[in-house]
Structures are given as structure tokens and as C-alpha cells.
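K.L.:
Take the two lone chains and join them into the complex the hints point to.
Just so you know, the sequences run in chain order A and B.
Using numbering that gives the first Met the number 0, the first residue of the first sequence is number 0, and each one after it goes up by one.
Using numbering that gives the first Met the number 0, the first residue of the second sequence is number 0, and each one after it goes up by one.
Just so you know, the hints here were simulated from the structure itself, not pulled from any lab data.
These figures come from a predicted structure and were not determined experimentally.
Don't take each hint at face value.
[To be verified] Quick list of in silico lysine-lysine cross-link-like pairs, DSSO-like style, CA-CA up to 27 Å:
#1 A:2 x B:48
#2 B:18 x A:188
#3 B:322 x A:128
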Amino acid sequence: MSKEKFTTLKSAAVPLPIENIDTDQIIPARFLKATTREGFGENLFRDWRYDSDGKPKADFVLNNPTYTGKILVAGKNFGCGSSREHAAWAIYDAGFRVVVSSFFADIFKNNALNNALLPVQVSDAFLKKILDTVAKNPKSTVTVDLQNQKVVLEDGSSESFDINAYKKTCLTNGYDDIDYLLSLRGEIKQFELTH
Amino acid sequence: MSHSPKTLFDKIWDAHVVKQSEGYPDVLFIDRHFIHEVTSPQAFDGLRKRGVKVFNPDRTTATADHNVPTKDQHLPIKEALSRHQVETLRKNCAEFGVNLYDLGHPFQGIVHIIGPELGLTLPGMTIVCGDSHTSTHGAFGNIAFGIGTSEVEQVLATQCVLQYKPKRMRIEINGKLQRGVLAKDIILYVISKISASGATGYFVEYAGDAITSLSMEARMTICNMSIEMGARGGLIAPDETTFNYIKGRQFAPKGEQFDRLVEQWRHLKTDPGATYDEVLTYDAADIGPMITYGTNPGMGIKVTDRIPTVAELKDISEQTSFKKSLEYMGLEAGSQLLGKSVDYVFIGSCTNARIEDLRLVAQIVKGKKKAANVEVWVVPGSKQVEQQARKEGLDKIFEEAGFELRSPGCSACLGMNEDKIPAGKYCISTSNRNFEGRQGPKSRTFLASPLSAAAAAITGKVTDVRELV
Numbered sequence: 000m001s002k003e004k005f006t007t008l009k010s011a012a013v014p015l016p017i018e019n020i021d022t023d024q025i026i027p028a029r030f031l032k033a034t035t036r037e038g039f040g041e042n043l044f045r046d047w048r049y050d051s052d053g054k055p056k057a058d059f060v061l062n063n064p065t066y067t068g069k070i071l072v073a074g075k076n077f078g079c080g081s082s083r084e085h086a087a088w089a090i091y092d093a094g095f096r097v098v099v100s101s102f103f104a105d106i107f108k109n110n111a112l113n114n115a116l117l118p119v120q121v122s123d124a125f126l127k128k129i130l131d132t133v134a135k136n137p138k139s140t141v142t143v144d145l146q147n148q149k150v151v152l153e154d155g156s157s158e159s160f161d162i163n164a165y166k167k168t169c170l171t172n173g174y175d176d177i178d179y180l181l182s183l184r185g186e187i188k189q190f191e192l193t194h
Numbered sequence: 000m001s002h003s004p005k006t007l008f009d010k011i012w013d014a015h016v017v018k019q020s021e022g023y024p025d026v027l028f029i030d031r032h033f034i035h036e037v038t039s040p041q042a043f044d045g046l047r048k049r050g051v052k053v054f055n056p057d058r059t060t061a062t063a064d065h066n067v068p069t070k071d072q073h074l075p076i077k078e079a080l081s082r083h084q085v086e087t088l089r090k091n092c093a094e095f096g097v098n099l100y101d102l103g104h105p106f107q108g109i110v111h112i113i114g115p116e117l118g119l120t121l122p123g124m125t126i127v128c129g130d131s132h133t134s135t136h137g138a139f140g141n142i143a144f145g146i147g148t149s150e151v152e153q154v155l156a157t158q159c160v161l162q163y164k165p166k167r168m169r170i171e172i173n174g175k176l177q178r179g180v181l182a183k184d185i186i187l188y189v190i191s192k193i194s195a196s197g198a199t200g201y202f203v204e205y206a207g208d209a210i211t212s213l214s215m216e217a218r219m220t221i222c223n224m225s226i227e228m229g230a231r232g233g234l235i236a237p238d239e240t241t242f243n244y245i246k247g248r249q250f251a252p253k254g255e256q257f258d259r260l261v262e263q264w265r266h267l268k269t270d271p272g273a274t275y276d277e278v279l280t281y282d283a284a285d286i287g288p289m290i291t292y293g294t295n296p297g298m299g300i301k302v303t304d305r306i307p308t309v310a311e312l313k314d315i316s317e318q319t320s321f322k323k324s325l326e327y328m329g330l331e332a333g334s335q336l337l338g339k340s341v342d343y344v345f346i347g348s349c350t351n352a353r354i355e356d357l358r359l360v361a362q363i364v365k366g367k368k369k370a371a372n373v374e375v376w377v378v379p380g381s382k383q384v385e386q387q388a389r390k391e392g393l394d395k396i397f398e399e400a401g402f403e404l405r406s407p408g409c410s411a412c413l414g415m416n417e418d419k420i421p422a423g424k425y426c427i428s429t430s431n432r433n434f435e436g437r438q439g440p441k442s443r444t445f446l447a448s449p450l451s452a453a454a455a456a457i458t459g460k461v462t463d464v465r466e467l468v
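Just chain B, with the same shape it has in the complex (with noise of 0.2 Å):
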């Protein structure tokens, strides 16, 4: 009997299939489930209205994140209904028996953040959470996609989810990375080629060397952003890169637990003459340090480029989109971002919170201190990655350069909490989404990686990180 070539992610996908029939999605089962403040609350009403327990408390994992201050974190939080919505989850999780991390815990952080240190994320599992970047997970070789509150009440219930199988794309990209270019300006520049909307319906496989030769933590930062080209998830298949990482985490399985797993784990690849819906290619060569201009992840260049004119534009049902963000971002088509003064940088989010990013913002800022007309803030992604931070003495170089180190939370990234950066301000951030208004009310956002964000601090101007490493 010939078995057919299967993908990853139809090897994971198939494996948790609890239920197909005609006409249904298929009935998934979830590893994993990650919970926050924000799109939880609405889920636990419902199961109380349907007086319905939580089917496995030890499946899912809260935090406090995306609505948390960063600075006076002791302190109980100011704004009224903040504070509402944290006591809200504590009080949930307590009635229904889910393990919280919050504010104070030393493993609270960003839920995408906390997961893999904790060594709760693993390969081949499902896992899900109600945030669009639990496409994060994937990095482990594993199906994490993001899910509304409606869904986050149907896993308290039922441990499952309703889904109908996206369609499978490889996005495979091959050589040397030059120097300066970091897992951020792939992603960037992977968006930038088939925009943000080019793999909705889908669900990504990244490959190739460029990618297997990232860390585990470079890894994350490009499933992060599967969901920014409209994909539900991204994942790459484990290796000894991932299985060292896992390896002695708090939550990962250990001893003969964990050689037998890792034995499983190695089967975990997409099997050769299997199909993709859809390949992709690109050379790592080709991608430089990556910014953007627009008002989403698609609109990105590589900061040496010029904006794109209308007339350049792929797609001309985008045109009035591309006026509209160039007019609310305040910048002229066909210029030069680089030489831009900027207000604001923001080093933090899933995105690019981890310790290996402060450490590269480190390295570059050692010993300079930041320009006059910019303001820093470091958000770090948990309390370990800032414990770790303050163990290297990053903190001593983020002060001597006059950063403001803050305490974990999701921050300027989605300007949930007062963390806003203000109207017109321009902040050159390692977030995820330059949506308008996304860091505050009429701000303007260029995505870029944890170096470029370092480089714009240290010069005040978006700059060619090139120039200083």
C-alpha cells in the first residue's frame, strides 16, 4: 500500500481531525490554548449562560498583555476600565480553573512571548488564541493560527474548533542573508512582493536554508507576520535547532519524555513530491534592510528605495488606497524615506521582543546615546526576557543611551494601554501592523527590524543600518 505525499501541515491538521462529515468543516482538536484579557471575557460569559464547565482547564494558559501599563506594573492599574478588564480575567480564571501568569508573575509577557520560553508551544501540536499573531507558535513546526471570541468559547467548551482546511503554500527562500538584514526584513520583504492580502486561504510553509540557518526566536519573528499577507499561520519544520531550544524549558517534557518526543518530532517534514496549492521563491540576497511606508505590511521597500509612484503601483484598484495612506502618512510618492526624521521608536511586541532583538539594539547602541529629537521605549516581550536583560546588563546600555527600558505588555504596538504614540508623530516601530491609527490616534507608523529601530535612535532619521554595523 503506496501512501500519498502529505505537507506538515496536512500531517498536523489530519492528525487532529476529531470529526469530518460532507458539508462541515472538519472538527479540530486544540493542543493549546493561549488567553488574554481582551477576547476572553465574552467567551466565559457564554459558558456560563450555557452553564457549561471548561472542558480541559489544563489545555489552556492565560495572561495579562495586550491592555497592561508598562511602567508601575505593582501599582493597580489607573484607567477604570483597564483595570476592569485584568480583574475580569483573574476572576474567570479562577472560576473555571485556567492557570493565569499575571501582572507581577515572573512569567507574565506577551502571550505569543510566553508560550515558547515556558516550553508550552511544542511541535506538531494545535494551538490557538484569540489574536490574529498566534501564527508566532508555528516556528516549532506546529498549526497555531488566531481565532475570534466566538471560537475561544467553542475550545473552553469543547476543546475543538470548526475549520475548514486552507490551501497550503510554500514560501522557500534560499542563500546568504547580507550583513545587517535580519528574519524582520525577510518577512518585509516576502509581504512586500505578494501584499497583505496575497496568501488569505492560505496556510504557509516557510523553507529553504535562509530559513533553517535563523534561531528559533529569528524563526518566530517571520510566522509572526504569516497573518500580515492575510495567511492564517505559518510554520517551519522543527530540527535540532528547534529541539535544542525546547530542550530543559520550565513547561517542556523532560528526560526519556523528551528523547522519545524528539524521535517523533524528526518525522515532522513534508514529505518529498508532496504538492503545495502554491510555491513561492525568493534569494536571500536579495533582500535588504526593509521599511515601510504605508498604512499596511504590504507597503514596504527597502529603505535605500524610493516610495513607489501611482504609476508604479502593481495593482491599480489600489490606487486610491496608496493616495489615501501616503496622505495620512504625510509623505510624497516616489521619495526617499531615508534622511526621514523620526519622533519615536518603538522596540517591542511579539513581533520582536525576545532577548536576541534587545541584544542586537544593545550591540548597536553601546556606548552612543540616543538623538535629541527622538524618544526610545524598549517594551520587552515577558518578565523573563526583561529579568535576562538586566542579568546581561542591557539595561546599563539602554539607560547610558537614554532608552526608557518599560516593564512587559504589548504596548505601542496597538496603543491599548496609554502607551500611545501621539497625533502626526512619526515612530519607526518593530511592531507588526502600520495600520492608521494602529500606535494612537493619528499616528504614523515604519515598521522595521530591532537593528534599523536601533540605527533610527541612535541617528534620529530612518537610516541604512549597513552604515553603522
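Only chain A is shown next, with the shape it has when bound in the complex (with noise of 0.2 Å):
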């Protein structure tokens, strides 16, 4: 089945600059009964985002409307913890294509690439810079160039980002990994039968 192709983002940036956020911050388990997966989105940062009655928290990032963009850019060890892929599907369902860390947590980084939602890995002083950056002119506008696996700033300065070929292959056409097993079911046969 086909996912959202990706090629070129440019866009503002949303900044949480909180390190370790692990996957019971991005979506609490009692978010998770759902058996779909799509509306996770409004409950992404449920507990820092509004407070007990349910009331919007205007400390948060995600509530100020000075701060848009689909580029969320976070501290080291982003979405550590559990291997709920309700974390991946939360963020994209809530807009964000692009999550930019200095370091992410394994589990976290296979199911974002599963769902069209790309994790760039930048070194610890590049993500202070588009921190800085965003800090000073919230508007200012982030490009995430997958082709040349660059990420650049308004100012021109940028810093390059690894992706394995193949999952670059899949995110700019659309393919999924299910598909490219499936074509591998016979040989897949065989293996269980010698295995």
C-alpha cells in the first residue's frame, strides 16, 4: 500500500527543546485503545499539553499560535520508551513530516519511518542552532531536503543527515515495506522448510 511520498519540506519549525521525551509523553497509554490509526493526533503531548479538565496549557508550545510549521524539532533520545507506533501516528496525524533530534531511540526511528514521518538526526550544536534560530523569528523557515539528505537554515548554513538508501527509496516514492516482503513470500517458503 502506498504512504505520502516525501521529497522537499520547507516550513516553520515548532520547538520543544526537552530531552529524553520518551512515548508515554507523546501519546499516554490510556490514549491508546483506538483500533485505527488515525486520530491520535489530538492527544499527542496530552498531559503537558492541557491540564487535568482538559482545559488547552498556554505554556505549550503546541498552544501558541506563534509557533506553526510541520518540522517538530526536539532534545536528544527523542521517543524513548515503549514501541507503541501510536507515537509516529500521533505526530503526523497532528501535521508535523519531519522530526529533528541530535539522537533518537531505535524503536521509535523504524516506526516513523514506516509512516511517511521522517526523523533527522543533527549534531547537538546544529540543533541549537535551529533552536536559536526559531527563538529569535519564530517564522523563520526550515528546509528538509531528502534527496541531498540536507537540512538548511534561512541564513544558508546547513548540516547534512544520514538515511539508509532504502529507506530513502521508500519514503520518496511511497513504498512500503510490507509490499517489497510480500513479493519475498516464496523465497521466504523455502526458508521455513530448511530453516
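P.N.:
See the structure below:
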């Protein structure tokens, strides 16, 4: 099944300069009860975003109209904790297409890549530069160029990022891992017989 | 011809690669797949949309654990969304021919507890589940790791996942453990040393005599928390302890077949001279009863130590998180946790809800009463653990102490069902995560061993268990 294709994204960024943001913060367990993939965006960062009565907390960045855009910029070790893919679904559902951090937890990274959400790992120094730039001018844009594997800021400064070739092809073309694996079913059956 | 020496991890991985191509991740065959109600419905939906059947239903086992009540399990689940999720699992398993240990079944329980206790988890296997604590199964000398729902769909459809091979780390613990120090303390100690992301990108092999002298259940506690330092999984080479544990279990191979397999399993160890990308060595004697003070499992200290001050942090970039954490926890940097009053004690989860854990707790509390200021929940890891506890009379000991023995499930480890720690309250918990709100909105978690939790239940405060044993 094809996914949304990703080529280049130029957008303002939403800063969340906190380290070790775990998947329980991204989407608390009590909101994992749905049996579909849609609708999790409403509860993205639920307990940081809303008080216990469900009122938006004014000091949380997603409630601040100054910050808009499809790029979330977060502190290191983003997405640690549980394997819930709901975390990637929630971020995507809330309109983000890229998460920039200086370090990602493994399972989250895979989950994001499987859902057309691009995790972009930059150096600590470049992360700080992006955060400083956005703090000075929230409307300042960040360009994420998947083809050339580059993040470019408005002042022209840039940093390249790594992504494996297979995942890059999948994202660029909207391919899906399962289509590839299904094409190998014959080989897999053979392997199972002799394994 | 000489073979280059291999680590145990590499041996198992390489034996499961169906296809390896330049630029592509490995196509890794999966021997055993566990599923539960929370991370599987969207995967089954995917199969329906594609018109695909389950590749080999015999390799998948399902149970309901994350979102089930731990009281009145014989009644329909009260909460509509939770009920729907469990019913969806039931429907999906029936439609796709997957074996389900549903609520009320004598084999139901937390997915990582029932796999090993039923003899479904064996050495040398590849095992996955849509749950990060799948690393638990690695205690048997296999490659077990958590996956997302898209990957659950991959496994259901093709019995394979696409994976890049992680790096290898060896963590060696040598020497003799102090009295009152358990496997939980070992792993909390290691995570406190290397941080919550210290093993990201790695698969860990645990070794050393402090590890090999542990029981299977204690080894599971160690491997369970591999993910809490970022590792995809952790494993321990199988030995006589492993084989003895497996022998005679419900679905374990029997008779001659078992003996033949044991001969093969004896080869499942790292070759002399094999290299790891990272090797860490610790002295067991340095490990004391541990407790966490912050909001990630790396924020742990010996129960007799002070919480660090900002100036003492190893990593300056952690300062913001550290301050935010302590504010959330209502604690002061540089202060002691010992003697801090607690409100709840949770003994449960895939980390510490096996029969040995319950026995340890019973040992401490036998003939005593819980402190008046605490509420104590004991949630067994499975129906079988619960039955065994009753058979041994542990239920009576708990009852007399004023503890509540519940029915099996993940419960207050993640607060998905109604077992939530109220806002602002402190819970000393045998589970695996102390994230903000993990046990309920604004709840505050201290992770510790079953002995430390039992000690706190009796005294009503954070206690050095060595004073009681």
C-alpha cells in the first residue's frame, strides 16, 4: 500500500527543547485504545498540552499560535520508551512530517520511517542553532531536503543527515516494507522449510 | 578453513537471515511472534486491506494483558473502549486462526511472562512482539526485540521483519552480590551508569558469574530492562539453568527431541576471541539496593545515596531534563530518598511479577502488616503465577498484611486500565518505567526491586531492605 511521498519540505519549525522525550509523553497509554491509526493527533503530548480538565496549557508550544509548521525540533534521545507506533501516528496526525533531534531511540525511528514521518538526526551544535534561530524568529523556515540529505536554514547554513538508501527510496516513492516482503514470500517459505 | 569467531548474537542473527542484499536491511525470519490487544488491531486491518492471510498462524500466540481489568475479570470489561479493543483481538484471532489465551483462560497473562512459562520461548530463536519489553525472552539465549505495529503486520503477513543488524555490546557483572540485592538492582545499577540511551543502537549480551548464578526468572528481569538503556534487546547464553527451566513446560519439546535440542543449545555461546563493539564490566559487590528518583530509568541511585546535585551531573546537556524531572517528582536535588513517605506500592509487571518475585515479597511481609499510609497492589504476571501463589499460601500472607492480590495483567505499570496512581502520589513500583504520568496522570514513580517494594509496604517509606532481611 502506498504511503505519502516525501521529497523536500520547507516549513517553519515547532521547538520542543527537552531531552529524553519518551513515548508516554508523546501519547500516554490511556489514549492507545483505538483500533485504527487515525485520530491520535488530538492527544499528542496530552499531559503537557492540556491540564487535567482538558483545558489547553498556554505555556506549551503546541498551544502557542506563534509556532506553526510541519517540523518538530526536539532534544536528544527523542522517542525512548515503548514500541507503540501510536507515537509516530500521533505526530503525523497532528500535521508534522519531520522530527529533528540530535538522537533518536531505535524503535521510534523505525516506526516513524514506516509512516512517512522523517526523523532527521543532526549534531548537538546544529540542533542548538536551529533552536536559537527559531527562538529569534518563529517564522523562520527550515528546509529538509531528502534527496540531498540536507537541512538548510534561512541564513544558508546547513548540515547533512544520514538515512539508509533503502528507507530513502521508500520515503521518496511512498513504498511500503510489506509490499517488498510480500514479493519474497516464496523465498521465505523455502527458508522456513529448511530452517 | 578457519571460521572467524562469532558472538552468540551474530550466530543467531545470521542463522535467521532469509535474504541479504546491498543497500537493503536484512530479511530476518521470526520463529515466534507474540501479540496483544493494543498494538495488533491496525496490523490485522492492514492484512484485510491487502487481502493477505497470516503466513503461519502456528508461530503467533496472542493474549490480552495491557488493557484488562485486574478485578472481576470474569465480568465484561466495563470501559467501552477497552472492551472493544479486547473484543477486536478476539475477532481477529478467530478470523486469522491465531491461538489466543483470552481473559479467563488458565494460560492468560502478561505476554512476556506467559511465553517463557509455557515453554514457547526457547534458546536460539528469533522472537518479536509489538511491545518493547520483548527483550525479556532474551534470558533464554535468543534474539528477542520489540517492534511497531507496521512490523507486526510484516510478521503476520510474511513471518519476517526488515532489520538492520545492531552493534554488539557485552555487559559483564562479576563477583558476589550483597545480601538483599536482586537482579532488578543489577539492571537499575547498569542503567544508572550508562543512562537511558547508553545502549541505543546495540544488542546486549549479559555475562559474568553474577549473571550466570541467577535463576531464569531473575535473568528475565535483567533482559526485560535492556530497552530502558536504549538497547533493542539483551540476551544471556543458555546453560543448565535454562534447560532445567524449559524441561517439562507445556509446549516445550519433549523426550528425545528435547535432549537433541539441548545438545544443539549447548553450542549457543559466544566463541572465544569474538569481538564486541563495546564491553562494559562491573563489580557485583559495588551494587546496592537501587531506587530511581527521576523520570527516566537512568535516574537511579543506591537507596542509601543522595540524589545528585546539578553540579554533579555527568552530562551538562541533561540539566534541563534533570530540573524538570525533580520538579515533577517534588524532590530536591542533593536530598536523600531514604525515609521518604510513599502512598502506593505496586508489585507487578513483566519485570517483576513472576512467582519468585511474589515469594520474595511474601518472605519479607510474612506475619507483618502494611503501614497505614500505603495501599499495596500485588498483580501476578499470569494466571499460572496467581494459581501457584495461592497453592503456596502466599495469598494468605498478602491478605493478612493488608495487600490486595489482583488478577493478572500489565495494570499500574502503564495505567492503561483503571489501576492508576492518583496525581501527586508516590508509588514504589517493581515495574520498568518511571516516565511522567506513566502510572497515571501526574503520578510519581520510584522504581525498585520486589524486596525494596515489600520493605516500603511495611514501613510506609523508602527503606533499605537490608535492615529487614
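K.L.:
Each of the hints needs a verdict: does it hold here or not?
P.N.:
Here's how the hints hold up against the structure:
1. A:2 x B:48: Distance ~14 Å between residue 2 (chain A) and residue 48 (chain B) Cα, so the pair holds.
2. B:18 x A:188: 12 Å, holds
3. B:322 x A:128: Between residue 322 (chain B) and residue 128 (chain A) the Cα gap is close to 23 Å, so the pair holds against 27 Å.
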